[in-house]
Amino acid sequence: MKKCFLFLLSIIAAFLLMVGCGGNKKATNNWLAEDDVKVAIDETFALIMQEEVETFGMMHPEAGMKPVYCSEDSALRLLLADSLRCCVVTRKLLPNELEIIKAHTLGAKQSLIATDAVALIVNKNCPDSLITLDEIKKIVTGKITKWEQLKNSSKKGTLNLVFDHSGSSTVRFMKDSLCAGRDIKGNVFASDSGTNRSVIEMVQRDPDIIGVVGTNWLKEGVDSVLTSFKNLPVSVMKVSRKSGKEACYVRPFQYYIATADYPLLRSVYVINTDPRTNSLLKLFYYFLKGQKGQTIICNNSQLLPITPVQVKSVRTVD
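1093 is the number of the first residue of the sequence shown in the working numbering; add one for each residue after it.
Hints may contain errors.
Said to hold, decoys possible - Ranges of calculated distance between the beta carbons of each label pair, as one might list FRET restraints: (1) Glu1312 x Lys1337: 34 to 40 Å; (2) Asn1323 x Glu1126: 40 to 46 Å; (3) Asp1298 x Thr1197: 47 to 53 Å; (4) Pro1299 x Gln1383: 42 to 48 Å; (5) Gln1241 x His1152: 52 to 58 Å; (6) Asn1391 x Ser1175: 30 to 36 Å; (7) Lys1247 x Lys1194: 50 to 56 Å; (8) Tyr1378 x Pro1219: 44 to 50 Å; (9) Gln1241 x Phe1281: 16 to 22 Å; (10) Gln1383 x Gly1278: 42 to 48 Å; (11) Pro1219 x Asp1315: 30 to 36 Å; (12) Asn1323 x Lys1247: 19 to 25 Å; (13) Asp1298 x Lys1235: 21 to 27 Å.
In short, the hints are calculated from the structure, not lab data. Yeah, the Cβ is synthetic: ideal placement off N, Cα and C, and Gly gets one too.
Construct the entire structure; sequences and hints are all you get.
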């Protein structure tokens, strides 16, 4: 009887040991077994990326979609800290940032998924809607601080430029593209709550402001590409790449993004550091650059996809 009892105890102990080891193994590899799709997304692209996230989630019900909408600076910090392993931003990783990723024993895949335009908006009561690229450069370098310094302006008084957030991709774009990497100067301010939406709201209240927003925020609540900016609560300025007799003023429609006639353009990238060969997170990365993700960008945003698009001439008859 005693031998049987000891034999039974040994079987129970062996079973508990197996369960314990299995539990520890599961805990150790828990991150690798997760179906969470946690992605940091530049707040500038929140509207179109929310649609991408929802579509991917419906295609893969097992996926736990966890988008984090924040400034570009915050998105990259989360990626470099290995707090998440995918982000959507407007630049590739710098060499020193790639070294940080390697220190986590990870690699980085970086792909262009769209071209975005930065829009300049003014109050509906503002009569001025024409501006050149050179004038914009002079505003962000502090050389133009009054409305009357603009060639096509009929207004007078202090001109204030308002962007979303000090750590946003919009500010970095202005510094790198318009200020040759130097700090922005002049009457340039961040919005009340640090979002593109708050920039639009401030412009609606103040006729002395020029707001800087991602073009896709102009179509908030609309399910398709805007073919006209007339029905917006703000006016969208026309921007010319050249000055003088060669000036050609255009608004940031997809067509002028494709032809590069609109000058305030920037790239949109998806970056992935997930080491797994088969994961929903990596699948989302390929989804954004694939046909389905690109179709959503093309049909439902002001952004220009990387996939080829057709341009057709259309004549309307009243």
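Against the structure, the hints come out as follows:
Taken as a hint, the range 34 to 40 Å holds for the pair Glu1312 and Lys1337, whose Cβ atoms sit roughly 37 Å apart. Here the CB-CB span from Asn1323 to Glu1126 is close to 44 Å, well matched to the stated 40 to 46 Å. The hinted range of 47 to 53 Å is satisfied by Asp1298 and Thr1197, whose Cβ atoms lie roughly 50 Å apart. In this structure the hint that Pro1299 and Gln1383 lie 42 to 48 Å apart at CB holds, the actual value being about 44 Å.
For Gln1241 paired with His1152, a C-beta distance near 54 Å keeps the hint of 52 to 58 Å intact. Take Asn1391 and Ser1175: their Cβ atoms lie about 33 Å apart, and the range 30 to 36 Å holds. Between Lys1247 and Lys1194 the CB atoms are about 53 Å apart, so this pair conforms to the stated range of 50 to 56 Å. At about 48 Å, the beta-carbon gap between Tyr1378 and Pro1219 stays in the expected band of 44 to 50 Å.
Between Gln1241 and Phe1281 the beta carbon distance is about 18 Å. The supplied range of 16 to 22 Å therefore holds. Hint check: Gln1383 to Gly1278, Cβ distance near 44 Å, so the stated range 42 to 48 Å holds. Taking 30 to 36 Å as the suggested C-beta distance range, the pair Pro1219 and Asp1315 conforms, at roughly 32 Å. Checked against the hint of 19 to 25 Å, the C-beta distance between Asn1323 and Lys1247 comes to roughly 24 Å, which is consistent with it.
Under the hint 21 to 27 Å, the C-beta atoms of Asp1298 and Lys1235, about 22 Å apart, fit the expected range.
Every hint, counting from the list given before, is met by this structure.
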